[in-house]
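Numbering of the sequence shown is given in my numbering, commencing with residue 52 and proceeding in unit increments.
For the record, the hints were derived by calculation from the structure and aren't laboratory data. We put the beta carbon where it would ideally sit given N, CA and C, even for glycine. One or more of the hints may lead you astray.
Stated by the list, open to error - Derived SDA-like pairs: lysine to any residue, alpha-carbon spacing no greater than 20 Å straight-line:
#, residue 1, residue 2
1, Lys53, Glu97
2, Lys53, Arg159
3, Lys53, Leu136
4, Lys53, Glu70
5, Lys53, Asp92
6, Lys53, Ala162
7, Lys53, Val137
8, Lys53, Thr63
9, Lys53, Gly180
10, Lys53, Glu188
11, Lys53, Asp153
12, Lys53, Thr157
13, Lys53, Ala101
14, Lys53, Gln89
15, Lys53, His81
16, Lys53, Pro93
17, Lys53, Asp198
18, Lys53, Pro165
19, Lys53, Ser121
20, Lys53, Ala79
21, Lys53, Ala96
22, Lys53, Gly119
Stated by the list, open to error - If you anchor each label on the Cβ, the simulated ranges turn out as follows:
#, residue 1, residue 2, range
23, Gly175, Gly119, 40 to 46 Å
24, Glu97, Ala196, 18 to 24 Å
25, Gly163, Thr98, 41 to 47 Å
26, Pro165, Asp67, 18 to 24 Å
27, Pro93, Met52, 20 to 26 Å
28, Thr90, Thr63, 30 to 36 Å
29, Ser121, Gly80, 21 to 27 Å
30, Phe61, Ala101, 16 to 22 Å
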Amino acid sequence: MKIYLAGSLFTTAERDHLEWLAGRLEEAGHECFVPHLQTIDPMTAETIYATDSEGLRQSDAVVAVLDGPSVDDGTACEIGLFAELVRADPQRYKGIVGLATDWRLTRRQDAGSPNGGLNFFVAGAILAGGAICWSLEDVLTTLDAWD
52 MKIYLAGSLF TTAERDHLEW LAGRLEEAGH ECFVPHLQTI DPMTAETIYA TDSEGLRQSD
112 AVVAVLDGPS VDDGTACEIG LFAELVRADP QRYKGIVGLA TDWRLTRRQD AGSPNGGLNF
172 FVAGAILAGG AICWSLEDVL TTLDAWD
C-alpha cells in the first residue's frame, strides 16, 4: 500500500523520526511518500502544496503523527485534505491512521479524555474513515486490515 507519512518536519529530530517510521512501514511492505524527502525546486508555498497534494492523491492511506502539544498545522491540513478524498471516493482511498505516542496524549487518554484530548475536528476527520492508534504495532495492524 502507498502511504503518505504526515508529521511535523521542522527539526532534525522530527525528520529523523519520520524517516525511522517510513523505514518501519517499508519493512512491513508499504511504499512511503515522505514530504521532506521530495525534491522541490524552487521551494515555495505553491510548489510545496502542488507536490504534497499530489502525493496525497497518489497514496492509498495516510499515517499522521499526532504528537506534540497540538497537531502540526501542516499535518492537520493533510488530514483534512485526505479525509475529503476518502469521503469522495472510499473505494479508492483506504483511510487515515493517526499515530499518538506522546505521553501528554497517552496520559490524557488513560485519564478518560476522548481521543487523548486531540482537537475534536482533527480527530473527527481521522475517525470518519480511519483510526487513532497508540502504538506503531496498532498502526501496522490497521494498515494490514485495509490491505
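Q: Given the hint that Lys53 pairs with Glu70, test it: the Cα-Cα distance must not exceed 20 Å.
A: Status holds; Cα separation ~15 Å.
**Q.** Distance restraint between Lys53 and Ala96, which requires alpha-carbon spacing of 20 Å or less
**A.** violated, 24 Å
**Q.** Holds or violated: Lys53 to Val137, with C-alpha atoms at most 20 Å apart
**A.** holds, 14 Å
Q) Are the Cα atoms of Lys53 and Leu136 separated by 20 Å or less? A) With Cα atoms ~15 Å apart, Lys53 and Leu136 stay inside 20 Å; holds.
Q.
Between the alpha carbons of Lys53 and Thr157, is the straight-line distance 20 Å or under?
A. Answer violated: Lys53 to Thr157 is near 28 Å, above 20 Å.
Q) Does the Cβ pair Gly175, Gly119 satisfy 40 to 46 Å? A) Violated, since Gly175 and Gly119 (Cβ atoms, about 19 Å apart) do not stay within the stated range.
**Q.** Agreement of Lys53 and Asp92 with the hint, judged by alpha carbon distance not exceeding 20 Å
**A.** violated, 24 Å
Q) Does His81 lie within 20 Å of Lys53 when you go C-alpha to C-alpha? A) Holds: Lys53 and His81 sit about 6 Å apart, inside 20 Å.
Q | Whether the CB-CB distance between Gly163 and Thr98 falls inside 41 to 47 Å | A | Since the Cβ atoms of Gly163 and Thr98 sit about 44 Å apart, the hinted range of 41 to 47 Å holds.
Q.
Verify the CB-CB distance for Glu97 and Ala196 against the hinted window 18 to 24 Å.
A. violated, 37 Å
Q) Under the criterion that the straight-line Cα-Cα distance not exceed 20 Å, is the pair Lys53, Thr63 satisfied? A) violated, 24 Å
Q.
Run the distance test for Lys53 versus Gly119: straight-line Cα separation, threshold 20 Å.
A. Violated - the C-alpha atoms of Gly119 and Lys53 are around 25 Å apart, more than 20 Å.
Comparing the model with each numbered hint stated earlier shows that hints 1, 2, 5, 6, 8, 11, 12, 16, 18, 19, 21, 22, 23, 24, 26, 27, 28 and 29 do not hold.
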